[in-house]
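Chemist: Please take these sequences and the hints and turn them into a complete structure.
Number of protein chains: 2
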Amino acid sequence: MLRDESGAVQLVHPRSFNEDGTPAEDALADTISGLAQGTFLTATGELKHDERVKLGGVEIKLDGLEIAAEAIPETPIAEDSSVDKRMDWRFLDLRVPRNSLIFRIQTTLEHAWRTYWVENDFIEVHTPKLMASASESNAELFEVEYFDTKAYLAQSPQFFKQMAQAAGFGKIFEIAPSFRADPSFTSRHATEFTMVDNEISWIDSHEDVMELHEKLMVVGFQAVKDKHGEEIEKLFGIELTVPTTPFPRIPLAEAKQIVSDRGYTVPRADADMDPEGERQIAAYVKETYDHDFVFLTDYASSIRPFYHMRHADDAGLTNSYDLVYNGVEISTGAQREHRVDVLEAQIRDKGMDPAELDFYLDFFRYGVPPHGGFGMGLGRVLMLMLGLPNLREATYLFRGPTRLTP
Amino acid sequence: MLRDESGAVQLVHPRSFNEDGTPAEDALADTISGLAQGTFLTATGELKHDERVKLGGVEIKLDGLEIAAEAIPETPIAEDSSVDKRMDWRFLDLRVPRNSLIFRIQTTLEHAWRTYWVENDFIEVHTPKLMASASESNAELFEVEYFDTKAYLAQSPQFFKQMAQAAGFGKIFEIAPSFRADPSFTSRHATEFTMVDNEISWIDSHEDVMELHEKLMVVGFQAVKDKHGEEIEKLFGIELTVPTTPFPRIPLAEAKQIVSDRGYTVPRADADMDPEGERQIAAYVKETYDHDFVFLTDYASSIRPFYHMRHADDAGLTNSYDLVYNGVEISTGAQREHRVDVLEAQIRDKGMDPAELDFYLDFFRYGVPPHGGFGMGLGRVLMLMLGLPNLREATYLFRGPTRLTP
Numbered sequence: 001m002l003r004d005e006s007g008a009v010q011l012v013h014p015r016s017f018n019e020d021g022t023p024a025e026d027a028l029a030d031t032i033s034g035l036a037q038g039t040f041l042t043a044t045g046e047l048k049h050d051e052r053v054k055l056g057g058v059e060i061k062l063d064g065l066e067i068a069a070e071a072i073p074e075t076p077i078a079e080d081s082s083v084d085k086r087m088d089w090r091f092l093d094l095r096v097p098r099n100s101l102i103f104r105i106q107t108t109l110e111h112a113w114r115t116y117w118v119e120n121d122f123i124e125v126h127t128p129k130l131m132a133s134a135s136e137s138n139a140e141l142f143e144v145e146y147f148d149t150k151a152y153l154a155q156s157p158q159f160f161k162q163m164a165q166a167a168g169f170g171k172i173f174e175i176a177p178s179f180r181a182d183p184s185f186t187s188r189h190a191t192e193f194t195m196v197d198n199e200i201s202w203i204d205s206h207e208d209v210m211e212l213h214e215k216l217m218v219v220g221f222q223a224v225k226d227k228h229g230e231e232i233e234k235l236f237g238i239e240l241t242v243p244t245t246p247f248p249r250i251p252l253a254e255a256k257q258i259v260s261d262r263g264y265t266v267p268r269a270d271a272d273m274d275p276e277g278e279r280q281i282a283a284y285v286k287e288t289y290d291h292d293f294v295f296l297t298d299y300a301s302s303i304r305p306f307y308h309m310r311h312a313d314d315a316g317l318t319n320s321y322d323l324v325y326n327g328v329e330i331s332t333g334a335q336r337e338h339r340v341d342v343l344e345a346q347i348r349d350k351g352m353d354p355a356e357l358d359f360y361l362d363f364f365r366y367g368v369p370p371h372g373g374f375g376m377g378l379g380r381v382l383m384l385m386l387g388l389p390n391l392r393e394a395t396y397l398f399r400g401p402t403r404l405t406p
Numbered sequence: 001m002l003r004d005e006s007g008a009v010q011l012v013h014p015r016s017f018n019e020d021g022t023p024a025e026d027a028l029a030d031t032i033s034g035l036a037q038g039t040f041l042t043a044t045g046e047l048k049h050d051e052r053v054k055l056g057g058v059e060i061k062l063d064g065l066e067i068a069a070e071a072i073p074e075t076p077i078a079e080d081s082s083v084d085k086r087m088d089w090r091f092l093d094l095r096v097p098r099n100s101l102i103f104r105i106q107t108t109l110e111h112a113w114r115t116y117w118v119e120n121d122f123i124e125v126h127t128p129k130l131m132a133s134a135s136e137s138n139a140e141l142f143e144v145e146y147f148d149t150k151a152y153l154a155q156s157p158q159f160f161k162q163m164a165q166a167a168g169f170g171k172i173f174e175i176a177p178s179f180r181a182d183p184s185f186t187s188r189h190a191t192e193f194t195m196v197d198n199e200i201s202w203i204d205s206h207e208d209v210m211e212l213h214e215k216l217m218v219v220g221f222q223a224v225k226d227k228h229g230e231e232i233e234k235l236f237g238i239e240l241t242v243p244t245t246p247f248p249r250i251p252l253a254e255a256k257q258i259v260s261d262r263g264y265t266v267p268r269a270d271a272d273m274d275p276e277g278e279r280q281i282a283a284y285v286k287e288t289y290d291h292d293f294v295f296l297t298d299y300a301s302s303i304r305p306f307y308h309m310r311h312a313d314d315a316g317l318t319n320s321y322d323l324v325y326n327g328v329e330i331s332t333g334a335q336r337e338h339r340v341d342v343l344e345a346q347i348r349d350k351g352m353d354p355a356e357l358d359f360y361l362d363f364f365r366y367g368v369p370p371h372g373g374f375g376m377g378l379g380r381v382l383m384l385m386l387g388l389p390n391l392r393e394a395t396y397l398f399r400g401p402t403r404l405t406p
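Note that the protein sequences, when read in sequence, are chains A and B.
Numbering-wise, the numbering used here puts 209 at position 209 of the first sequence, and it's gapless, one number per residue.
Numbering-wise, the numbering used here puts 49 at position 49 of the second sequence, and it's gapless, one number per residue.
Calculated from the structure, these hints are not laboratory results.
Careful, some of the hints might be misleading.
When chains are identical, the list treats them as one kind, so a pair holds in a single copy or across two.
[Said to hold, decoys possible] Listed next, the in silico DSS-like pairs over lysine-lysine satisfying Cα-Cα at most 25 Å (straight line):
1) LYS61 / LYS85
2) LYS61 / LYS48
3) LYS171 / LYS234
4) LYS85 / LYS286
Modeler: Dropping the structure here:
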């Protein structure tokens, strides 16, 4: 079997025999016998159509082999190796067609998004990952030795996405790494991960952000289904569903009531949901609307960052949402507060010092139109789309509290 | 004048007068008089075609204005402010149409490249920026506090691009940040910058990498010229040239001789070129071939990293190149050494310890096909394409030894 990134084909070379029935001398057969799995080579031969061949109905009758790189016959991992062991040998793990397919799907998904953005006049920005201060909170920040001072790794491009609105860029996108010094070891967390970010001006509320968001999910999933639907069904046993729009929207308080009515009380002192609550509300949405996605909306101000806009008629609620997919939160979006006086008040309200955020407040002093956006974890989308057990599988090279290699 | 990211239009509102010639009461006129430059607003009115209007032959006769965000009338920067001052107020600086155009061009350029890659079955990877050790050298590394240990920011995705070849990904690309703790203050350096990376398997030599590279430059420049050619001419006074292929190729030793014959002796003890030498060879290429690009090839092993493949018949030279555009180096490419025994010898030859690179050598122990690739600085391409005086202008938010804000 010869594989490359585009597929696989069967190579055949029948043994020839002498008249007395003993095997004939055959250098090519000897070469084949000596090959270890994973050898990189170039094969030449004749393409034969044969309907009995399972793999695409073709095989190649070999004329010759040219070995480009020999492999070590013994590999340190097998199909049943632990995920940690497989991550140690990720370059071998990624040779498994099921695993490399994840990254071909990633490629298709991102390209569909970017094509949508570009065709709709979004500007691509590359925001800096080195910052002088925290973007959202001082917790979980990685500190960098920066010449005679300290820098911090960006946890999100939040401030710099908003800066683009102050600059009049209108609509922007970025897919880039984010960093969180999060010591947790769940299946859903990483210290470095790829974020998909959008920010748009001239919105009326977070509803406009959700509309953009669901359009993107549709174009992305449609592109993946068109290009990889069959492979996904074969290798993951999943028939990919392109979601219909609009996605169900449920205010968070209502969602908590629904979950409570189902017999699950979210064990949190604050107004937030928890992972089991997200699973419960997703189950409810699946049963009620047959939908894999749900927007939970109007989170309480108390559990949202200072820059989320609050309801005009109820400062206790924000123009914000989380997007839950197959029972797991994949994204947070919101309309941002663009009025500098209100923003300052909200910073104070969170017990923070506006002086520390002066460079950010400057953006708003010279005028910013109403705007909003979302950030979405790319690996989480892939993980949930393909039913992977953890984020490691959906990440080219996972980084966690105890993993920095390979 | 009303501007947004798509262009500009003239708004008109003629003053009306009373019968006695005094100005009539006019709330809209009063609002207009009170507007500061940079105010974000929504205008409604009637579109009038008038050939005398310079700006597109149209203007809008105003019915009303809705102010979304007021601006401070006094701005801290002007057209003649220093670049450093402008970077302090980058969000205002980027409101200038000439400056925001740079990022619309960036968007078009990147999308043309990605479309080429996707249509040619490249896989997009997101390589980690947090590493346990250096990728190429221990110099100019940023150190990160990583729980109980140290991590380093990736200077390039080199090792991880090559890992994809070991994984059988075949052809990959990535556009992502790179980090260098370079204390220099030249017009061409930054501590964080966006790198365009490619790596492909099954090449015969660096010639295959150069062919890919020149194809990408052509599709990128063509897309930019098609979409922004007129604007570039108007705002930068540059008629963009889509390069012809093949680009001129000159072995480095020959290039140094040509430069020397022109009367410039490269003041370096090693075999390398210097910036003035690059300008000189570019001038020669422009005069001789009327071309803006030149591949300088076959660099000496002594000035190339250990992983560049050396000539089969002369270990003193490598299968490598630099791409020079308008007199400045924008990229380094090479065929990589994929034979693990040769790779180990080359590591030792550089005075390095193979044990420290064991995780990288592992990639090759299980077989890797012949491969190569290049890394290219996105900001440098934009800077040279548009004749910008420095990299700061081509970077959304510049990072240098003394700049971490905004």
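Chemist: Run every hint past the structure and note whether it holds.
Modeler: Here is what the structure says about each hint:
no.	hint	result
1	LYS61 / LYS85	neither (38 Å within a copy, 69 Å between copies)
2	LYS61 / LYS48	within (7 Å within a copy, 72 Å between copies)
3	LYS171 / LYS234	between (38 Å within a copy, 24 Å between copies)
4	LYS85 / LYS286	neither (36 Å within a copy, 55 Å between copies)
Consistency note: the structure conflicts with the earlier hints numbered 1, 4.
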